[in-house]
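Visitor: Chains as they are written, first to last, in UniProt numbering: chain A, 1 to 328; chain B, 1 to 328; chain C, 1 to 328; chain D, 1 to 328.
Hints are computed from structural coordinates only; laboratory data are not their basis. A quick note: this is a predicted structure, and the numbers were derived from the prediction, not measured. Zero decoy hints are in this set.
Intra- or inter-copy, both count: the list cannot distinguish identical chains.
With a cut-off of at most 25 Å between alpha-carbon atoms, the simulated DSS-like pairs for lysine-lysine come out as follows: (1) LYS118 x LYS7; (2) LYS299 x LYS312; (3) LYS7 x LYS288; (4) LYS299 x LYS314; (5) LYS7 x LYS35; (6) LYS288 x LYS87; (7) LYS67 x LYS218.
4 protein chains.
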Amino acid sequence: MSQSIKKMAVLTSGGDSPGMNAAIRSVVRTCAYYKIECYGVYRGYQGLIEGDFKEMNARSVKGIINKGGTILKSARSTEFRTPEGRKKAYDNLRAMGIDALVVIGGDGTFTGAIVLNKEFGFPVMGIPGTIDNDIFGTTHTLGYDTALNTVVDAIDKIRDTASSHNRLFFVEVMGRDVGHIALNAGVGAGAEEILIPEEDLGLDRLLESLERSRLSGKSSSIVVVAEGDKTGKNVFELKEYVEENLPDYDVRVSVLGHMQRGGSPSCFDRVLASRMGVTAVESILEGKTNYMVGLLNDKIELTPLENAVKGKSKIDIELLRVSDIMTT
Amino acid sequence: MSQSIKKMAVLTSGGDSPGMNAAIRSVVRTCAYYKIECYGVYRGYQGLIEGDFKEMNARSVKGIINKGGTILKSARSTEFRTPEGRKKAYDNLRAMGIDALVVIGGDGTFTGAIVLNKEFGFPVMGIPGTIDNDIFGTTHTLGYDTALNTVVDAIDKIRDTASSHNRLFFVEVMGRDVGHIALNAGVGAGAEEILIPEEDLGLDRLLESLERSRLSGKSSSIVVVAEGDKTGKNVFELKEYVEENLPDYDVRVSVLGHMQRGGSPSCFDRVLASRMGVTAVESILEGKTNYMVGLLNDKIELTPLENAVKGKSKIDIELLRVSDIMTT
Amino acid sequence: MSQSIKKMAVLTSGGDSPGMNAAIRSVVRTCAYYKIECYGVYRGYQGLIEGDFKEMNARSVKGIINKGGTILKSARSTEFRTPEGRKKAYDNLRAMGIDALVVIGGDGTFTGAIVLNKEFGFPVMGIPGTIDNDIFGTTHTLGYDTALNTVVDAIDKIRDTASSHNRLFFVEVMGRDVGHIALNAGVGAGAEEILIPEEDLGLDRLLESLERSRLSGKSSSIVVVAEGDKTGKNVFELKEYVEENLPDYDVRVSVLGHMQRGGSPSCFDRVLASRMGVTAVESILEGKTNYMVGLLNDKIELTPLENAVKGKSKIDIELLRVSDIMTT
Amino acid sequence: MSQSIKKMAVLTSGGDSPGMNAAIRSVVRTCAYYKIECYGVYRGYQGLIEGDFKEMNARSVKGIINKGGTILKSARSTEFRTPEGRKKAYDNLRAMGIDALVVIGGDGTFTGAIVLNKEFGFPVMGIPGTIDNDIFGTTHTLGYDTALNTVVDAIDKIRDTASSHNRLFFVEVMGRDVGHIALNAGVGAGAEEILIPEEDLGLDRLLESLERSRLSGKSSSIVVVAEGDKTGKNVFELKEYVEENLPDYDVRVSVLGHMQRGGSPSCFDRVLASRMGVTAVESILEGKTNYMVGLLNDKIELTPLENAVKGKSKIDIELLRVSDIMTT
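Hey, can you work out the whole structure from these sequences and the hints?
Guide: Here it is as structure tokens:
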């Protein structure tokens, strides 16, 4: 074990996700286990710049494993994008005697950590926390599994009213530029169509499919639309388009929005966060830094942080085929 | 007991709500208990016109007490607004030998039943089913309690992300022209402000209140907005307005939408539906018709259907005061 | 408004229930609103004896409205049953300069407050918090509505497996000596039989009913049993008894246990708690003490604390009849 | 594609689990997609013997993806353990012209299918459906992920009351002879101790650990106990043992029981079931039979059915270490 590491810090940055608190808890308790001092940094990189640190022990993270959001808060920091801002951040870390920094978040969070490491040689370690699952080097990001359950639960409710009225619903879900949430939640909710950025179904084929569905006696339909979808139309425009072209349809729109980011994490996300936190701290103690802790083939594996940012997370194309078969 | 009643029919109409299925089950089983034949009418008044009836027994309604939506479906019927349409509906009821009709729904549903009764003397009975709770003669409509839980659950999730980012959220909830859902769910979710049609807070006072809240150290805020609110601005315009006037705020909008109508009914809604169905059928058997079955002072009471439509459901003004005190 | 009241204290005691935190929040914030100092007392009467007080302000109760349990903790105090213990408690209240005490709990909690008042003339006010709903002077105690939803949700899950296997389940629910939870959750979950202390169905009639149910083609059955039921047999003995007498039945038992006491409170319980807390504090300020704040006919009303303890909470007998009709 | 396959059948057997309905739906719809006739067999092997078949099409499985339990029901069949019983089952399959059978269940279900195949050469395919996750050849069985969420949700509720009263709870969870549910849900719920069959902690070490936990200031504790745990004591005996040896502890027991088997499946289980059903049918069409469809390294893979039964599912030993660190 690396003798030089005596103090670590942990922060959350970017969009929050369920499981971030469980990951903070795991980092803090693993530090406690190895008698490493641990500091929480509030409001991400902005807190790093402002020196908003707080020492944490095993009791500081009591009762948070099942809470959504992040007790360390998150924020965007324009100042951290300047060399002066980053210098302040680095100076604060040094002044506190901190030897390594664990960052929990997504792409932007990791990019910040990489720059900090490049400019000052400061050791960093990343834990992927975002509901979007858009990170290379891990099959699951923290919060993704919880968000899928939140989305299917919401669509189940919408299905109740859709079936009662023989309506067509366009349901927009999150996911930034990737279709993970739309595809998996769409299959899970039994959606009749799924529109994702990775595949341009085309508006003509959407109309054909809906018409075929109606003729086959389907009384209601759910179309799940990823926010980054490439039809060139948002859900409200899609509604108008379908109503103009398929006047028999009574169309409604639902944008699930930010509730997808919250809620108590699923067991999967809590366990994954616990495992990732342990590996993050232990890897640093073993002298391995500038990695992201990920889940690959059900095992916790390290990926160079730079690769995590450069690589591209891919959806399971086979699942698109499953979706087609399911909506026979 | 009225000897003349041998067959009843039941339909759901208007927006569906959790508890409608439990009410259908109760009507059907109470008929079975009294050896009355019971017919389900599909798709509301439109099904009445098209003769879309199905005989139901105790087993037909098995396993539906905990399901959202309505197994009898609901639909709007423009045809029922014409005398010809209503004549067809009446003829179908007569042809089937049906002696009385139980309708489950809101204002519009009851108006339809009243007209049917006025024009043809056909005995009707109403059960209030709508999440909006906007019916006179009952403190609770079926689905209202469930919708409140759905809304606070969604706002709890939004709160997770709002607190993590120190954001202000405008959350639009349903409720048509009344503020029941907004007011109760707002208090239940600990909202900082609640905008309802019954009270025009005024945009200036909203800004003042938000500014005061921010200065007092509140790190995030939830403003619940009823869909029928009278600020003259919708939630998206409110967001813009606040961002222009209070640039320190990072504002987001969430429109909860149709998921509020679905989901498994709460225990309260299931029990209320069971009680209402029994009273609806037993009242008809006792010769009382053209009433709505409601809950008043925790007791099941009858209100003339006409009064239910003409009267106005009022919010609990005292609860506005409670909300103010809670957001001290 | 009473000029003499400058400081209040609040405690929770007895079995915890969802909504207690919302009530604490309401008491604390109402005090803040009226510029009254407010102290939280930890671990109920034991904390009163040990002087375990903490000053609370509006921020102290942030983020607790949706949390189960009680942040003030609860405990049994044998010492408070002695005159010496109560003297210590009183002396602590006086030493802190506290003018009135709000207690949140059930029968036992109120009895403690009454004795404190009788012996030392100390002004007290009660808020009913218990899932059992066994308090006179209120139709709903805090936590009862939430517990009903927890129970029907659990029975819905048990129903899934019961129907898949054509099994009979005895499900034991809480409720001390009264059948409120069993009766309402039983109707809400569509239970085939409900065994409550208020009505002795008799074992013979239970067997008859189950046999009739089986012959009528019911493929599975749920019997909800109140913990205080008077058949003279507990659920495990009931299982054996039925298996001996009705060998065709495959019987299982589920004791729902303490999970019934926890969980995020329903919107109803949160709103009720908010209303009760406001009235508790305002009543004290108006010089009214030694009352319990209750809900009667949907309005917040005061009942002398002594009556609340002496009176008896009654179940809705009519609901038993509804249950019988529903299981036709 | 195998030209000889024109008709398939599907059954569920053994303990039901969430996701079984989603798997039935997937098998039925994949058959529809490939124009294969599909029959549902009711009540598992017993229905096979009694010829309880029903033709199913894409519409037969509408609205079941989110339902717990199994619409095909499940049952134990002693008759199928006899050569005569199996002969009847085989004769029925032949008489119906069925070419292959998909069985959804656990160990016992697969053993039945293997025997059927050995004795009559009848082509079979297995899909692992059990909450226990005790099947070799798949990292996840259908229902396991859902059960984990159900368990952590229940323990979260118990934690509310445990913390309020500073109590110790023994919570017994399902899992037959393996500790998957206990270990993962234990970590997910932040349990202080986890007792599983794979590791004999020893009663002395349990006492030591609890005592250490109490002295370190932990105010409440949750010990998760797998039903197949090897301490030699059941949860009620454990309670007595701890109360005798650690009299400071106020101990409670909760046996979660059959509610763990029910409920709406998680998104993960719905998607997995959809994928498995497609592969089951397509593999048969490709001439591959007598396999189990499993999830390995996030991919759907086939394992010879015999290996699935003979092999042993192993818990993640590393997770025990994570649990120890988390309860520092």
